[in-house]
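Turn these sequences into a full structure, and let the hints guide you.
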Amino acid sequence: MTARRSDAAGPTHKAVETGMALLIAAFGIIVIVGSLKAGITWGAEGPRAGFFPFYIGISIVAASAINLWSALRDHDDRLFAEWGQLRQVMSVVVPTAIYVGSMPFVGLYVASIIFIGWFMRWLGGYRWLPTVAVAFGMPIITYFVFERWFLVPLPKGPIEEWLGL
Amino acid sequence: MKHSILHLALAAVAALCASGTGASAAWEPVRPVEFIVPAGTGGGADQMARTIQGIVTKHNLMKQPMVVINKAGGAGGEGFLDVKSSSGNPHKIIITLSNLFTTPLATGIPFNWKDLTPVAMLALDEFVLWVNAEKSYNKVGEYVDAVKKAPAGTFKMGGTGSKQEDQIITVAVEKAIDTKFTYIPYKGGGEVAVQLVGNHVDSTVNNPIEAVAQWRGGKLRPLCVFDAQPMAYDEPITDGKSWKDIPTCKSQGLDMEYLMLRGIFMPPKATKDQIDYYVELFKKVRATPEWQDFMKSGAFNTTFLTGGDYAKWVEAEQKRHEVLMKEAGFLAPGN
Amino acid sequence: MEELANLFHGFAVALQPYNMMLMVVGIMLGVIIGVLPGLGGANGVAILLPLTFSMPPTSAIIMLSCIYWGALFGGAITSILFNIPGEPWSVATTFDGYPMAQQGKPGEALTAAFTSSFVGALFAVAMITLVAPLVASFALRFGPAEKFAVYFLAFCSFVGLSKEPPFKTIAAMMIGFALAAVGLDSITGQLRLTFGVTELLNGFDFLIAVIGLFGIGEILLTMEEGLSFRGGNAKINLRVVLQTWRELPAYWVTSLRSCLIGCWMGVTPAGATPASFMSYGIAKRLAKNGKNFGKGEIEGVIAPETAAHAAGTSALLPMLSLGVPGSPTAAVLLGGLLIWGLQPGPMLFVEQKEFVWGLIASMYLGNLAGLLVVLTCVPIFAAILRVPFSIIAPLILVLCAIGAYSVHNSTFDVMLMLVFGVLGYLLKKCNYPLAPLVLAIVLGDKAEEAFRQSLLGSQGSLAVFFSNGLVSTIMILGLVALFWSAIQEGYSRLRTAAA
Chain F
20 MTARRSDAAG
30 PTHKAVETGM
40 ALLIAAFGII
50 VIVGSLKAGI
60 TWGAEGPRAG
70 FFPFYIGISI
80 VAASAINLWS
90 ALRDHDDRLF
100 AEWGQLRQVM
110 SVVVPTAIYV
120 GSMPFVGLYV
130 ASIIFIGWFM
140 RWLGGYRWLP
150 TVAVAFGMPI
160 ITYFVFERWF
170 LVPLPKGPIE
180 EWLGL
Chain S
437 MKHSILHLAL
447 AAVAALCASG
457 TGASAAWEPV
467 RPVEFIVPAG
477 TGGGADQMAR
487 TIQGIVTKHN
497 LMKQPMVVIN
507 KAGGAGGEGF
517 LDVKSSSGNP
527 HKIIITLSNL
537 FTTPLATGIP
547 FNWKDLTPVA
557 MLALDEFVLW
567 VNAEKSYNKV
577 GEYVDAVKKA
587 PAGTFKMGGT
597 GSKQEDQIIT
607 VAVEKAIDTK
617 FTYIPYKGGG
627 EVAVQLVGNH
637 VDSTVNNPIE
647 AVAQWRGGKL
657 RPLCVFDAQP
667 MAYDEPITDG
677 KSWKDIPTCK
687 SQGLDMEYLM
697 LRGIFMPPKA
707 TKDQIDYYVE
717 LFKKVRATPE
727 WQDFMKSGAF
737 NTTFLTGGDY
747 AKWVEAEQKR
757 HEVLMKEAGF
767 LAPGN
Chain A
344 MEELANLFHG
354 FAVALQPYNM
364 MLMVVGIMLG
374 VIIGVLPGLG
384 GANGVAILLP
394 LTFSMPPTSA
404 IIMLSCIYWG
414 ALFGGAITSI
424 LFNIPGEPWS
434 VATTFDGYPM
444 AQQGKPGEAL
454 TAAFTSSFVG
464 ALFAVAMITL
474 VAPLVASFAL
484 RFGPAEKFAV
494 YFLAFCSFVG
504 LSKEPPFKTI
514 AAMMIGFALA
524 AVGLDSITGQ
534 LRLTFGVTEL
544 LNGFDFLIAV
554 IGLFGIGEIL
564 LTMEEGLSFR
574 GGNAKINLRV
584 VLQTWRELPA
594 YWVTSLRSCL
604 IGCWMGVTPA
614 GATPASFMSY
624 GIAKRLAKNG
634 KNFGKGEIEG
644 VIAPETAAHA
654 AGTSALLPML
664 SLGVPGSPTA
674 AVLLGGLLIW
684 GLQPGPMLFV
694 EQKEFVWGLI
704 ASMYLGNLAG
714 LLVVLTCVPI
724 FAAILRVPFS
734 IIAPLILVLC
744 AIGAYSVHNS
754 TFDVMLMLVF
764 GVLGYLLKKC
774 NYPLAPLVLA
784 IVLGDKAEEA
794 FRQSLLGSQG
804 SLAVFFSNGL
814 VSTIMILGLV
824 ALFWSAIQEG
834 YSRLRTAAA
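Chains as they are written, first to last, in our numbering: chain F, 20 to 184; chain S, 437 to 771; chain A, 344 to 842.
Where hints are given, some of them may not hold.
Pairs of lysine-lysine, DSS-like flavour, derived with a Cα cap of 30 Å [said to hold, decoys possible]:
#1 Lys732/S - Lys528/S
#2 Lys686/S - Lys592/S
#3 Lys696/A - Lys732/S
#4 Lys677/S - Lys762/S
#5 Lys771/A - Lys631/A
#6 Lys175/F - Lys494/S
#7 Lys748/S - Lys611/S
#8 Lys623/S - Lys56/F
#9 Lys550/S - Lys528/S
#10 Lys494/S - Lys696/A
#11 Lys696/A - Lys680/S
#12 Lys755/S - Lys56/F
#13 Lys520/S - Lys56/F
#14 Lys762/S - Lys56/F
#15 Lys686/S - Lys616/S
#16 Lys616/S - Lys56/F
#17 Lys175/F - Lys550/S
#18 Lys175/F - Lys708/S
Covered stretches of chain A, going by a simulated chain F footprint (3 or more residues, C-beta under 8 Å) [as the list claims (entries may be wrong)]:
#19 516-522
#20 526-533
#21 590-602
#22 742-750
#23 757-764
#24 789-802
Quick caveat, the hints were computed from the structure, so don't treat them as lab data. Glycine included, each C-beta is placed from N, C-alpha and C at the ideal position.
Next comes the structure, spelled out in structure tokens:
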């Protein structure tokens, strides 16, 4: 869709790599802190609960340090992605986040209808009729397959409560 | 709660349908009942829950479907916390095992059996001391001698889970005969029995149902049962021996009794009508031949308790577990 | 030849019209269960188990085991089409299956996967038929140390394969181990790394991580490149099946090796997941075009699928003869046996001949029926890729959400899935390999558990991993696999020096 232009703007690969290495190192530190709480010594029953995670945490931090160093040394200024491309990615991530975040409150079915409808109508540019058909069809099929057939309860909100489903 | 006219009409229709078959029960489920299992698929509690689900479906004991859901995380803590937080929801019940007591004590998760509403005790699961059939000891006395003769820490006891019923019994046996086992925790009871057959551990305290197949196959030998009296089932299993022929551990000089609860609880704030409904339901389940077969195959102790008696039993067990776990040093730091 | 007589009797049982019907119903249900993420084989069988109570035990187990076969077949479909493995053992199938689908060859990939599954299963059933007692006694020799050695071998045959920078591989794998460690430590019965958050009691389930990292991550990558799904030009007729079949016999060595690995892993019982990874890793090392693995090589689909299905099938053997399940699904089937009043164990083969041989016969027939069903559907599955991206993407996202939810019935897991999705996108763009991460999540805690069980038994002595012939052999195989590239290099250097 978007033609790649060498002069297009966007975050550099180096910046993202650096960020990623720092993020992973932070995760490693969390693991180390958690392991220390669980006990990292060699107890009467062999290694205690935190023994292995502690060294795993250390390895994560060490590996990230090396990755960080090689990322910083990198003089290549190629782009990670163009802003336009990232906007495309965010156009899925943000609605999915809203979809996922609203699920505990409105239930899976209502959230799915809105989400599918939104996706098809605004990203896909479909007419209303197919949009509505798919947006309602899929959750209805899901309801029958999961709740009726396989007896797997899925999250429900006030509307399902009201309908007595 | 606001109900629409449509909903009221639906409820009325449902009520009419329900009353058609005998209006004895004052409360009935109006949506699928979630049957929580605080353990993984395939384990003892899961088997029992799914048997109940099958019986309820086959004999049409409930108008709404019963849905079994496993919530095994954190030694069952996930399941208990879920039920605890579903206050006032009558469409949720939970089957418990000993982790009702042990999990909060060992992990420190904020939960106590008093957070739930007791419904009924369905059965009690027995524990038997098993050894490999190739071993020379036929009696508890010979076994104890062998344990004491072995260099410290080399006699291995296999069991399910850590700081749970199997390990509690192990520690109690250690106390009773003044010795030390090396306890090796495994994920499931069936695996423990096979490890014993393969001689990777030296003895186990498996439930009857977990080890009976290996007993019948001549691979394992039961030494004694951790109950006050021998088990009730006198049908021969193998070599003309029945469950009833296994002596109690106490009679063999191993002073320890332990039974595991297989009981039903509801979320907090259940009404009396709702509790009564489930008590009646489980009474009907217990009357079916399938249930009786199931009890026999697992040599269960079929004590059935409800209401105050049940609560009293659970209370006493809770105190006992606190003492046992404290003595064994299994309490979570900060408890 | 008493076995053969019994087997023919078994075929007579399995071929009764009622049982045949159940077989086909079971396969269909199984495929659906396998395709829907979150409804894995174990869950599916557990859910349907109570419905079979009113059937005779033989019919019931035929239907349930056919659900199991169906789910094994079905797991490959989403892996190949959407990069979403519904079961742990389908992860390795995505490595080459998904690139094939993107190159417009989904039909070939699916045919190869289904056929290999069938071959693996057939091999395993033949083994069960002929050497069941022998194999059962072999399984008994596996204590914790032997089990750890097997996991060690699985890791070793897989790591060192990736082209990514080594420290990124290490970081990714360690993240996987760390995630696997969260929750209850099964040896001490203590909670760790949960920081008092109740949602973390469960730890990180493999499925949620994989749906996010692979499935959602892939959708985000596709979005970045514009709203199109590659592979839309797939051929969608049945001729592709025959064409692929013509290619397959050339890979018989890989197939045979994968069958053996699968049977071994299924019986021990380490399970189908290490089998598929190990088989993929070894195939990549030994294949002529091993360098192209990961870019859409058909051999990279054959190896893991054959091994996974062979393992899945042979996992039923220890269940029947020892009463110890070789897979989660086998654990549920085991519960079913007990409910029907059948006691699995050494006596089952003696006392319940009709049941056992009916089941074994149904394994032959069920797999054959399954193969026919899924192969005829290949064009339909391949055609899914022609659905426009902006319709299929939200549907996949919704299905992923359902899958993530139904693992533990928790909406927290759905949010986690999205976090993993974004992480998967970033990691992939930054050249971190995802496969070692997933392998570590799946096997990490099991390996740690076996390791610590062994040390408990040996009182902390590491010598336990070389204490007998069996465990030493597996450990040495693992070390050889780990240093394979170094060994290969040394060997070729020696040769050039000699020349």
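Item to check | 30 Å Cα cutoff - pair Lys755/S, Lys56/F | outcome: It holds: about 28 Å lies between the C-alpha atoms, which stays within 30 Å.
Next on the checklist: Holds or violated: Lys616/S and Lys56/F, Cα atoms, limit 30 Å.
Outcome noted: holds, 28 Å
Next on the checklist: For a C-alpha distance cap of 30 Å, please report whether Lys175/F and Lys550/S respect it.
Outcome noted: The hint holds at about 28 Å.
Item to check | Pairwise hint evaluation, Lys708/S against Lys175/F, where the allowed Cα distance is 30 Å at most | outcome: holds, 27 Å
Item to check | Restraint check for Lys623/S with Lys56/F, where alpha carbons must lie at most 30 Å apart | outcome: holds, 24 Å
Next on the checklist: Would the hint linking Lys732/S and Lys528/S be met if the CA-CA limit is 30 Å?
Outcome noted: Status holds; Cα separation ~28 Å.
Next on the checklist: Run the distance test for Lys677/S versus Lys762/S: straight-line Cα separation, threshold 30 Å.
Outcome noted: violated, 38 Å
Item to check | Verdict on chain F covering the stretch 742-750 of chain A, criterion of 3 CB contacts below 8 Å | outcome: holds (count 4)
Checklist entry - Given the proposed pairing of Lys520/S with Lys56/F, does the C-alpha separation stay at or below 30 Å? => result holds, 27 Å
Item to check | Given pair status - Lys494/S, Lys175/F, alpha carbons within 30 Å | outcome: holds, 28 Å
Checklist entry - Is Lys550/S close enough to Lys528/S, meaning Cα to Cα at most 30 Å? => result Holds, because 16 Å separates the two Cα atoms, which is no more than 30 Å.
Next on the checklist: Under 8 Å between beta-carbons, do enough residues of the stretch 526-533 of chain A, three at least, approach chain F for the coverage claim to hold?
Outcome noted: Held - the stretch 526-533 of chain A has 4 residues with a Cβ nearer than 8 Å to chain F, which meets the minimum of three.
Checked against the numbered hints above, the structure breaks hints 4, 21 and satisfies the rest.
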